[in-house]
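Asks: With the hints as a guide, dock the two chains, each given alone in a separate frame, to form the complex.
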Amino acid sequence: MPPRPDAAQQLVFTADPSSVRAALVRLLSEAPVHDLGEDDRGTVELVLAEVLNNVAEHAYAGGSGPVEVGLSAIPNGLACRIIDRGLAMPEGALPEGRLSATGTVPPDDLPEGGFGWHLIRSLTADLCYARKAGQNRLSFVIPLGGQT
Amino acid sequence: MQLTTQTRPKVLSVLVMEDRIDAASAIQFKERMRDLTGTAHPRVVLDLARVKFLDSSGLGAIVAVRKLLGPDRVMELSSLTPTVEKVFRLTRMDSIFTIHPSHEAALANAAAT
Chain C
1 MPPRPDAAQQ LVFTADPSSV RAALVRLLSE APVHDLGEDD RGTVELVLAE VLNNVAEHAY
61 AGGSGPVEVG LSAIPNGLAC RIIDRGLAMP EGALPEGRLS ATGTVPPDDL PEGGFGWHLI
121 RSLTADLCYA RKAGQNRLSF VIPLGGQT
Chain D
1 MQLTTQTRPK VLSVLVMEDR IDAASAIQFK ERMRDLTGTA HPRVVLDLAR VKFLDSSGLG
61 AIVAVRKLLG PDRVMELSSL TPTVEKVFRL TRMDSIFTIH PSHEAALANA AAT
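For the record, the sequence lines run as chains C and D.
Going left to right, the first sequence walks through residues 1 to 148 as this note's numbering numbers them.
Going left to right, the second sequence walks through residues 1 to 113 as this note's numbering numbers them.
Just chain D, same shape as in the assembly (with noise of 0.2 Å):
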């Protein structure tokens, strides 16, 4: 599982380089991204440009790392690939977490806030 990370003052970037998210990897999406945002940023961009698929393993894993960071900190997506962004719409996490059409617009959203 791999995952790129990008820092600034106050936004943890994590940057999905993988082009799934499965029931196969769930379980070390979610370590990884424990590991990852061990940091004291307050918010934490979820970046899903690269990923193709998602199954609903990978959502719970989605889920999991939201929770893990706790109510203080603020956990948002960008670029959501059509099947990705399908499973999100079906099952309503849509209306859970904020989805931002691009990385950048996550920024430029995390810069204005």
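Isolated chain C (complex conformation) (with noise of 0.2 Å):
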């Protein structure tokens, strides 16, 4: 049986700031993220924005590019891909994502990046990349319905 026409979606934007926010917008208000819960939806709109805007500022490097978003719904969870046509990522791997030291620091050294995948790799699970034909392809699973 196919699958139903939609649990689906799929979008092509050009990758700059403003529309990455317009793309989110309309991500979140269709099938199959606009079925979910409020907190899933939150998660989702978050790692989204996080992935999108990191083509948008990397491998756009302040430019911009047509990125492709294709979303499914799958049991427990949402099946992700964003391809785009930028720079590939340094060293060919997707960055660790690990935060730097808080505890006790003084205001001063507080770090103000670096938590963009951090907060990717928290909430997706099957994180893949790959460099093929001049496309970055990112592929993810986000787990949802864990909390409400």
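For the record, the hints were derived by calculation from the structure and aren't laboratory data.
Every residue, glycine too, gets a C-beta built ideally from N, C-alpha and C.
Please note that a few of the clues may not be correct.
[Claimed, not checked] Some residues of chain D that are not near chain C, with every Cβ distance over 10 Å (derived): (1) 1; (2) 14; (3) 31; (4) 32; (5) 35; (6) 36; (7) 38; (8) 56; (9) 61.
[Said to hold, decoys possible] Across the chosen pairs, the derived CB separations fall in these ranges: (10) 133/C to 34/D: 38 to 48 Å; (11) 129/C to 113/D: 47 to 57 Å; (12) 34/C to 1/D: 21 to 31 Å; (13) 76/C to 71/D: 27 to 37 Å.
Replies: Right under this line is the structure:
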């Protein structure tokens, strides 16, 4: 039996900060994300925002270019595939997203960045990156339904 | 980026009137906060009740504002919505900032210290 037509969504747009925002609004307002609970929708928006802003800021390094987002509902989660034609990941691998030590550091030493990949890695599973035919292909699953 | 301020003798409250602080607005947020906190108030409360979405750029901007204030001034947060709270928790920034459940609670705490 073919999948339900509303269980998947595909969107292609130009990656820059304001169009990322518009794309998130659209992705969240349609199936399959629209049908999720509020907590899960927040998680999906956060992960997609981090991934897509990375494409805009790093893969296209201040310029812009096309990015393709594919989402499909799977049991207990959302399978995501993001493809762009920008620069490859440095050294061909995804950043580890390790947090800097925070503990009791004085305010002047607090990190202002490096949170993005930590959030992505914290909220996803099966994260996979490949560079093929001039494209960055990132796929992952966002586990959902664990909390409400 | 619309921000509203309330001033008390020792507390400056900044209420964010936007529903998101994200990559598209983080720089503007930081610049507006720098202008608004150019007062001598020893304590700044940033109320995020209306902010439904914060990404890593927005979080970085809040940390940058904290650093701009310097070590002699206190900056606290109030009224985190669920997704914003999640970002602070996962990045462990909830251990760096004092977070109050409501703006009123932040003011009551300020009055008691």
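Asks: What hint numbers does the structure not satisfy?
Replies: 8, 9, 13
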